[in-house]
Amino acid sequence: MDTMKVIKESVQKKPAKNMLRDVVDKVYAEAWEAKKKGEPVGWSSSKFPAEIAETLGLKVCYPENQAAAIAAKHGGQRMCEYAESLGYDNDICGYARISLAFAAGAECEEKTMPQPDFVLCCNNICNCMTKWYENIARMHDIPLIMIDVPYNNTPEVNDENIVYIRAQFDDVIKQLEKISVRKFDEKKFEEVCSNANCTAKAWLKACSYCQYEPSPLSGFDLFNHMAVVVTARCRKESAEAFEALADEYELSVKDGTSTWHYDENHRIMFEGIPCWPELMNLFTPLKEKGINTTAVVYAPAFGFIYNNMDEMIRAYCKAPNSVCLETGVEWRETICRDNKVNGVLVHYNRSCKPWSGYMPEMERRFRKDLGIAVVGFDGDQADSRNFSNAQYIARVEGLYEIMELKKNGGQ
Amino acid sequence: MNNIESLLAQFADIADNPKRQLDQFITAGKKVIGCYPYYVPEELVCAVGMVPMGLWGKQGSPTRAKEYFASFYCSLVQMNMEMALCGELDKLSGVIHTTLCDTLRPASQNFRVAIDKIPMIFMSHPQNRKPEFGIDYTVTLYSKVLQQLEEIAGRKASPDDLHEAIKIYNENRQAKREFVKIVGKHPELVSAVQRSTVLKSAYFMEKPKHTAMLKELNEQLEALPVVEWTGTRVVTSGIICDNPSVLKIFDDNRIAIVADDIAQESRSFRKDVSEEGNPIRSLAMQFADQDQDPILYDPTINSRQAHIVDLVEQSGAQGVIVIMMTFCDPEEMEYPSFVKVLKNAKIPSLKIGYDHQITDFGQAKTSLEAFTEILSLRK
Amino acid sequence: MNEIYTMGIDVGSTASKCIILKNGKEIIDKSLVDVGAGTSGPERAITAVLNSTNLEMKDMAYVMSTGYGRHTIEAAHSEMSELSCHARGAYFQFPKVRTIIDIGGQDAKVMLLDDDGILENFVMNDKCSAGTGRFLDVMARALEVKIEDLERLSAQSQKDITISSTCTVFAESEVISQLAMKTDRRDIIRGIHRSIASRVSALARRIGLVDDVVMTGGVAQNGGVLLALEEELGHKIYTSDLAQYNGALGAALFAYQKNIT
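Chains as they are written, first to last, in the numbering used here: chain A, 3 to 413; chain B, 1437 to 1815; chain C, 73 to 333.
Please note that a few of the clues may not be correct.
According to the in silico footprint, chain C covers these stretches of chain A (three or more CB under 8 Å from chain C) [unchecked claim]: (1) 73-86; (2) 390-402.
With a cut-off of at most 27 Å between alpha-carbon atoms, the simulated DSSO-like pairs for lysine-lysine come out as follows [as the list claims (entries may be wrong)]: (3) A:189 / A:28; (4) A:180 / B:1566; (5) A:176 / B:1566; (6) A:370 / B:1502.
Because the hints were derived from the structure by calculation, they are not lab data.
Glycine residues also receive a C-beta, built at the ideal position from the N, C-alpha and C atoms.
So that you can see chain A by itself, here it is in the shape it has in the complex (with noise of 0.2 Å):
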């Protein structure tokens, strides 16, 4: 008997789920072992350049994956009110909110992470950014690494953006490297970019096959799948595990079957960050209705290609909150087409400014370049106080209507 062989098919069968879970596991994992070690360890924006610290072997922490991860776990709330407590307002982004919370030492079983040495600080997916790793490094004393990305009015990058952005990597490194008390290798450097570029493209893979019909995924899992490709691009692991979800996918469509058990009436697109602590409320309506999600803005805008340096930094340069209208519009109604979607579910996230900022102006150009049934919602894609059930379900009715009104000719 190959023990080998039989240690790789069994490691091979393990669901792609638990592959992604043990990914994540592990981000954390290395960040507590880190800590007691009395390594420096970092909390990172989720579109901070993950290339730069991990090719100095510093271990980091993300903050918004940590917020998502105790918002469904329905300790959002709690953490928020203790950041009023504070005096934070709650206008503030509920992920802020359960973050200042938590390093101004807010008890939390949900999700809890080592308190940082250090700040990675990268504004591209929103100017709250700024504020709220001002607030930590103020709170801990630590220091602060910024990358101020500008804002894109035009869909091309301006250069002199690039050249503002590659001098401010080349500081970032400086800073990281007396930090992590490691010189910058550049080998390793293009090691850890390949990583994440294989990352990318099976991540990217893996969403493709949201695109047949039916869907042999429940676009809902997308949502849960993506803290792998925000927390840990740049493991060889990551790609594994996104490789093995796009095999499962495979055999799906092969199979015929999904992880989505219901009708599948019709394709929507959700917009937005989900109601993490709603994720039920959210799923419900919709899989009574056999209405199946195989759209979603929030996951692929994290898988970025690039084939250098000039490349990976546009890419930085394009989160969903930092593109012009024009972009922002044309990555949805491709995603809209290529996965054949009747309509579109659209989250007003009280959280967050940025991504709803042109949305009712997107919403006008979907209905009337795809012609299709648009609807929105009031939401928060972390404090549960300003979802309301009951308005969510007579939304989703709406929507559906429109859609079986239009499926039907008009009958």
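Mind docking chains B and C on chain A? Use the hints.
Using the frame of chain A, we list chains B and C on its own:
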């Protein structure tokens, strides 16, 4: 005394009539460029012979702007969009739109696609503004903006034009800073309402005229003996506080604003521009030097907190009144540290909610009265 | 012996309250009319208390007005903010008070006093009516119960129901959903009380609680809200039958002080 009253009345008249000011500029054959908050270098507009006008919203509620914005966006930006959609900005030859906060960013896109009558000049300031690479970026940014302004104006700006504009603006900033100090010493002569209109009128005037009038006012005020102020003295902090109903409450309660940390006021004229060297670079250096503003990245992490304590001590204020703009993330996020530092320095503070939509300031009235009572009892 | 009578009148948004004080110590009588600023309420409240005490306006050495509509009282010699007046009134009744939680018709306030009973700091509810008397009015209407019955019904609750929304409109829709699911009205009411307590405690925590804590304002009469606040904050909360008159009492006390100086 007569001259002071007359000057104050003139400033108030201008501040209350931006539309008339705009019409007058147009009739005189001038082109006008609207400038969004914050840190737009108006010198560039001035250097090509056009007139910059500040766009800080106005009192009222958005109705048409709701087609573009959900409810939870600051009323300053929404009301600018409202004015644009209602055609009130049609006579402008261009608008410079900034991106320093999470509302301004998507708002720039909304403006650009919704208001095709008015060319939008996009200004995305770098937050990492202090290092050399940041200054270089600002130089490129400002140069691009200047190019677009030159196209609109139909003429180029020479380095001399730019130097001249910088001089004009330095003089105006200097006069405003003087005014703020002087009013701090003579609150009995200039009410909070009047103080606001003097500073606000600058956004609707060509600066040389504003400077001339303001210098005259400053001289007249300085000449008078200092009278002991029996009311209370405060520093205000926030984005904007120009609603006369709110300011009247200050006056009715004899609350003197002896210094301010308001974006529409002192934050906009704290720093001057070097009159030497490459003018665009000098303007970029001015932006690099800007600090103590929640909307700007603070690489020192703590400089704003220290600044506000200094401001209170230097101006002889008894307390700080935070004018919290509803839905303003940067101000909200900086508030806890702000209050903590004031508490440690034993400086009483009060926060009142503010936005362009509020018509009934009953709650603010109660708060301000109670705050006055607290300060008076501490005297 | 000359008795000195002073009058305090508190013109709130939803009710007018009046108190006559003798020699700055003894409450002679009080009155309450269910309408507030901008109505006939203040005048009727003044008339009622004068009638019941057989006194006339000219007998008042000093009249102090407070509350939202304090500027409309012509008979008043001067006015003070209801914050200072609530502080004064509470201190008179509870000399060890350091924190006052006042929930009125349209706003909620938390006040911190120093050791001498002087108002030191305060915080008010921002933006909306959730956590105020108005919130209770809307919910009571949705539940088809009287405001006076809320406390009694809440005490009979057996089950924890959470009404989580911070927005009054969303909360109302939650209540309606609960009713549609046949949830016991009493459990919903207790949930509403806890919702108010949650909102108001957030306010209180921002300013920092110091014992003794006293509750004033019209909503203090609802023992269900008081109990929910005690549970939420983990502090004993005192109140009295004069809770709704607290502002008027403080005004009358200040009137006495002003008169003798």
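Now the hints, each set against the structure:
1. 73-86: holds (count 3)
2. 390-402: It holds, with 4 qualifying residues against the three required.
3. A:189 / A:28: 24 Å, holds
4. A:180 / B:1566: Given that 27 Å is the threshold and the Cα spacing comes to 21 Å, the pair holds.
5. A:176 / B:1566: 17 Å, holds
6. A:370 / B:1502: 19 Å, holds
In terms of the numbered hints stated before, the structure departs from none.
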